[in-house]
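Enquirer: In case you want the letters, here they are:
Protein chains: 2
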Amino acid sequence: MFSPALEALVDALRCLPGVGPKSAQRMALHLLERDREGAQVLALALGEAAERVGRCQRCRNLTEAPVCAICEDPRREAAVLCVVETPADVLAIEQAGGYRGRYFVLMGHLSPIDGIGPEDIGLDRLQTLVQEQGVEEVILATNPTAEGEATAWYLTDLLAADGVRMSRIAHGVPLGGELEYVDGNTLMHAFSGRLPVSR
Amino acid sequence: MFSPALEALVDALRCLPGVGPKSAQRMALHLLERDREGAQVLALALGEAAERVGRCQRCRNLTEAPVCAICEDPRREAAVLCVVETPADVLAIEQAGGYRGRYFVLMGHLSPIDGIGPEDIGLDRLQTLVQEQGVEEVILATNPTAEGEATAWYLTDLLAADGVRMSRIAHGVPLGGELEYVDGNTLMHAFSGRLPVSR
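Each protein sequence line maps, in turn, to chains A and B. Final position of the first sequence in this note's numbering is 371; the numbers increase by one with none missing. Final position of the second sequence in this note's numbering is 371; the numbers increase by one with none missing.
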């Protein structure tokens with residue numbers, strides 16, 4: 173229906189998550205009718221990133237340097253390591269502020285059904301890191317899903333022998349959330365994880 | 173927070189319509205974690221399209237050829253010309269099927285407030301086309317918005333002198349729509365545009 177170059181662009185845009193045929197068409201026409209410069213800039217940025225961005229040698233986060241900025245930062249505590257599933261999790265924690273330790277990014281979670289084992293999420297490297305770089309506390313911040321929980325349990329077993337302090341981030345009612353609208357699982361989790369208070 | 177190449181990609185993705193900072197981040201991470209090939213293909217397609225796609229000399233639709241496929245097609249009736257605002261409108265009509273004439277794409281509508289006058293939407297070329305290429309009917313399919321209507325009225329005046337048959341596509345209750353949920357303007361339009369029936 174469109175010309176071949178336009179068709180190719182609409183097809184290529186569909187590799188973006190959440191972009192179906194209609195949005196892809198809208199995006200392609202928008203770029204060509206109103207923002208050719210943006211299209212060129214995006215083409216360059218995509219090429220650059222796809223070619224140059226790799227993983228941090230230490231924490232496996234995405235970066236084009238050999239070691240990422242957080243691992244390089246001398247002000248971050250090397251003794252505290254937070255294990256997360258994805259780079260987006262690192263970003264969410266950094267944006268919340270307050271955490272001053274370092275990260276280890278699994279780039280996934282254990283999932284035997286999909287053939288994802290310990291090596292695929294870098295657990296061998298994590299163990300070496302914990303043993304050799306003076307890590308004193310490992311904070312497990314994998315997602316509270318079945319796979320995330322399983323990964324957290326696996327890690328607890330794996331690192332227990334190294335004498336490192338292990339903790340799991342708290343799960344419960346979100347701040348500003350209303351009990352009425354919180355799902356039952358979360359609510360039960362909040363009850364079983366209750367903390368003593370006193371005055 | 174991210175590495176510079178990743179930041180640049182997230183920023184560049186925001187030139188896409190409907191993509192805010194969160195979606196841009198999700199798209200960038202998706203491409204880098206899971207679809208580098210897609211990213212490369214998209215980079216190429218964007219560069220190609222931004223560089224090569226221009227406008228059809230005859231109908232102003234987007235194409236990388238001098239004249240677009242619809243204008244080149246000898247099976248399309250040259251005597252009927254449908255005037256639309258954007259290439260997306262051409263696509264919508266083509267997908268509906270049934271229309272066998274050709275198009276003229278304004279690439280916008282008259283909008284004195286934004287400084288968009290007759291020349292900016294190619295009305296001089298449209299008039300030449302109508303006068304010189306044996307057009308017998310012009311179907312006005314601009315949007316039923318204030319600017320679209322104004323453009324349609326302007327066109328009616330402009331082409332009246334050329335002795336060409338002019339028509340406006342019908343506006344009313346959409347098929348499958350329920351009267352109950354149709355807005356008042358559309359309903360009034362449907363009443364005033366009622367057609368005689370008989371058996």
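Honestly, the hints are just simulated from the structure, not real lab data. Be aware that one or more of the hints could be misleading.
Among the chain B residues that face chain A by a calculated CB cut under 10 angstroms, a handful are [as the list claims (entries may be wrong)]:
1) 205
2) 206
3) 219
4) 233
5) 260
6) 263
7) 292
If you want a taste of the chain B side facing chain A, the calculated C-beta under 10 angstroms gives, among others [claimed, not checked]:
8) 186
9) 210
10) 346
Yeah, the Cβ is synthetic: ideal placement off N, Cα and C, and Gly gets one too.
Enquirer: Of the hints given before, which are not true for this structure?
Expert: Those not satisfied are hints 7 and 10.
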